[in-house]
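Peer 1: Spelled out, the chains give:
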Amino acid sequence: MIRPTQVPMREQDPKERIRNFAEVPLGYTPEEAIAEAERCLQCKNAPCIRGCPVQINIPKFIRELREGEFRAAITTIKETNNLPAICGRVCPQETQCQAECTLGKKYEPVAIGRLERFVADWEYENGVEIPAVSDPSGFRVAVVGSGPAGLTCAADLRRLGHDVTIFEALHEPGGVLMYGIPEFRLPKTIVRAEIENLLKMGVELRLNVVVGRTITVDELFQQGYHAVFVGSGAGLPKFLGIPGENLIGIYSANEFLTRVNLMRGYLFPEYDTPVKVGRVVAVVGGGNVAMDAARTALRLGAERVVVLYRRTEAEMPARREEIHHAKEEGVEFHFLVNPVRFLGDQGKVAGVECIRMELGEPDESGRRKPFPVPDSNFIVPADTVIVAIGNDPHPLVPRTTPGLKTTPHGTVVADEEGRTTREGVFAGGDIVTGAATVISAMGAGKRAARAIHEYLCSRYGKKEG
Amino acid sequence: MHRIVRKRVLGPNLVELEVEAPLVAAKARPGQFVIVRLHDKGERIPLTLADWDPREGTLTLVAQMVGKTTHQLGEEYQVGDAILDVVGPLGNPSEIQNYGTVVCVGGGVGIAPIFPIARSLREKGNQVLGVVGARTKELLFWLDRMEEVCHELHVTTDDGSYGRKGVVTEPLREILASRPVGHVWAIGPAIMMKFATRTAQEFGVPITVSLNPIMVDGTGMCGGCRVELEGQAKFACVDGPEFPGEQVNWDLLLARLSAYKEEERCALEQYLQVKEGRR
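Top line first, the protein sequences correspond to chains G and W.
If you want the numbering used here, it's the position in the first sequence, counting the first as 1, plus 2.
If you want the numbering used here, it's the position in the second sequence, counting the first as 1, plus 29.
Rather than coming from a laboratory, the hints here were simulated on the basis of the structure.
One or more of the hints may lead you astray.
[What the hints assert, rightly or not] With a straight-line cut-off of 27 Å between C-alpha atoms, the simulated DSSO-like cross-links for lysine-lysine are:
id, chain 1, residue 1, chain 2, residue 2
1, G, 17, G, 62
2, G, 107, G, 46
3, G, 80, G, 190
4, W, 263, G, 240
5, W, 304, W, 263
6, W, 290, W, 263
7, W, 290, G, 407
8, G, 350, W, 223
9, G, 17, G, 190
10, W, 223, W, 304
11, W, 290, G, 190
12, G, 329, G, 278
13, W, 223, W, 263
14, G, 240, G, 407
15, G, 190, G, 202
16, W, 194, G, 350
17, W, 70, W, 223
18, W, 153, W, 56
19, G, 350, W, 290
20, W, 36, W, 304
21, G, 278, G, 350
22, W, 223, W, 194
23, G, 17, G, 46
24, G, 240, G, 80
25, G, 407, W, 56
26, G, 17, G, 240
27, W, 223, W, 166
28, G, 62, G, 107
29, G, 278, W, 304
30, G, 278, W, 70
31, G, 278, W, 263
32, G, 62, G, 46
33, W, 290, G, 278
Predicted model only: the values in this text are computed from it and were never measured.
From just these sequences and the hints, can you work out the full model?
Peer 2: Below is the structure:
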């Protein structure tokens, strides 16, 4: 008899957790994990694998987990995914592997993400096996950016025996995993541990190097790199472009989250970077970043946090789990509203003038397009506003790399395998797709690593190390 | 790690530091800046480049001790000590061309970044007229270096303790009234740049200013440094830091600079108290 529902994962109590930055879901015990694994039907056609951007052999790792072979399970996952502790936490499994799960047609799908997290955490506690590295190929590859795309690409290239250097603009590696995703959703010790493993494999990491400024892609080639992977992400915050947006107290989500996550602003003045949160915080947007910002604001002591989203809950791009967590914690939601103007008081933001929206026909994203309702303006008082409406691709590398074609949106033109319009230059992740998910960036980094390997072998022939 | 190889006190709360940063020194151009983080609990602060030496692989930075970080840098960091992070060169370089005659205005700590711009303009064949000013004599520095690269140098102090009594816009106005000038550069406190811009505008001479809003990453990621040019938001770190002065919304810049005034005061007071206690 199959259990129709997933084994629940224990979580920190909402009343408790809004006063700390510790992780919210607490993970499965081995017994819970095995009980959940036993729900898997072990389908021969394994539809779940089709839903995984990096094609983890899901039935195999679940079978191993079920038999208590945790080491074997993590080895299976790591054949195609080198960052499972991260993916187990931040992947939108409900729209990927779990959406394809056969069990999900009748009952709740197998909690694949939670199982992935369980085995990754088990490995973390019981000693990580550093993947074997092939004999030196003699080729050098520069990886620009140490976010999910860059880390994945670097790991795969290193396994194939290439000499890999990652260039990171900030003072800590990890990209969005460090500056963007909050501690309560992705503990930074996990990100650091994953990067540590990469270094143990022999990947070189150069921090504080802004490719496009400190060094250009052309100069990387001059310095003897045989190929370059650009994974510089979508780091440029979008703003609404409405009056009053530069008032004090209006942050981009990037700035707000960077001050808190990367600069530890929540520990000011022990740490030197301040972050200010008022009594009432309005967050504009409906994605995961908006949820992260809203929940962070609560933890910094805001009395009220209101999310303003122009469509309805059904169209929100944020993961259901994150919306649920935000609601549990007391975040309020105003749906079908759009800011038209920010109101100020002595240079500081005091409120958001919004207009009500209604939904029309579906647009190119498949979601119903919102239209303003005439004369429906109203004011949401707020003394802090966080704009979380997405990011544009970072322009520095494309702007300083001749021959690298970009789209009108500023994304780098690349094929499925990451090949750009310039020989030897590959790209993947948000810099190619525009802002997307951690796992899709990892998938792109993986495919690009394979393409770079093929390119190096065919362009230069096998080289002896 | 970036070792401090030379340090000089230029005046009260004013220090000059030469710091190892070979990658940055190799690439630096006038008008660019670096982001500096002193230690692992430190904030990231932008400092405009005052000079650099690609052969020695060093940068020269001039810092005015106004907040906790700059106090710490000026008072605690000595020759041989290392700064944890130095990133750059960031921002777009100055547009150095032959404009004919140019006026380079440096106010206060802004004398430092105007120097390499004046030097490059001189090398490009411009007639370079320098105007530098400070509140008082003790806050003036690098007059010798400016003398070397300027055909003429005008010096002002607010209190008349050195050079001419008054502010930099006065000699600027006289120069603009007396001869044709192709371009003006002004770097200094926002309020000084605002008034230098007004003066240049009166004579219809284009002016470039270097904006210093609050920044976090300095690479285009946070948007905290947004400034308004002709109603359009720009990021000072990637679109600037230099902009045409005529287009800048000065009042907005001045307001945004004060966003963390309370926190800055709190951090500084706490720092000074702890330091006092250690004595």
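Peer 1: Take a quick look at whether residue 62(G) and residue 46(G) sit within 27 Å of each other, Cα to Cα.
Peer 2: With Cα atoms ~11 Å apart, residue 62(G) and residue 46(G) stay inside 27 Å; holds.
Peer 1: Can you confirm whether the C-alpha distance between residue 278(G) and residue 263(W) stays at or below 27 Å?
Peer 2: holds (22 Å)
Peer 1: Would the pair residue 350(G) and residue 223(W) pass a check requiring their Cα atoms to be no farther apart than 27 Å?
Peer 2: holds (21 Å)
Peer 1: Just to be careful, I want the Cα atoms of residue 80(G) and residue 190(G) compared with a cutoff of 27 Å; is the pair within it?
Peer 2: Within the cut-off at roughly 20 Å; holds.
Peer 1: Are the Cα positions of residue 278(G) and residue 70(W) separated by 27 Å at most?
Peer 2: Holds - the C-alpha atoms of residue 70(W) and residue 278(G) are around 18 Å apart, at most 27 Å.
Peer 1: Below or equal to 27 Å on CA atoms is what counts here, so check residue 290(W) against residue 278(G).
Peer 2: Within the cut-off at roughly 11 Å; holds.
Peer 1: Given the hint that residue 17(G) pairs with residue 62(G), does the C-alpha gap stay at or below 27 Å?
Peer 2: violated (39 Å)
Peer 1: For the pair supplied as a hint, residue 290(W) and residue 407(G), is the alpha-carbon distance within the 27 Å limit?
Peer 2: Distance of about 44 Å is beyond 27 Å: violated.
Peer 1: Under the criterion that the straight-line Cα-Cα distance not exceed 27 Å, is the pair residue 263(W), residue 240(G) satisfied?
Peer 2: The hint holds at about 11 Å.
Peer 1: Regarding the pair residue 290(W) and residue 263(W), is the alpha-carbon distance no greater than 27 Å?
Peer 2: At roughly 23 Å apart (the allowed maximum being 27 Å), residue 263(W) and residue 290(W) satisfy the hint.
Peer 1: Going straight from one Cα to the other, do residue 240(G) and residue 407(G) come out at no more than 27 Å?
Peer 2: holds (22 Å)
Peer 1: Quickly compare the C-alpha distance for residue 153(W) and residue 56(W) to 27 Å and report which way the hint goes.
Peer 2: With a Cα-Cα distance of about 19 Å, the restraint between residue 153(W) and residue 56(W) holds, given a limit of 27 Å.
Comparing the model with each numbered hint stated earlier shows that hints 1, 5, 7, 10, 11, 16, 17, 23, 24 and 26 do not hold.
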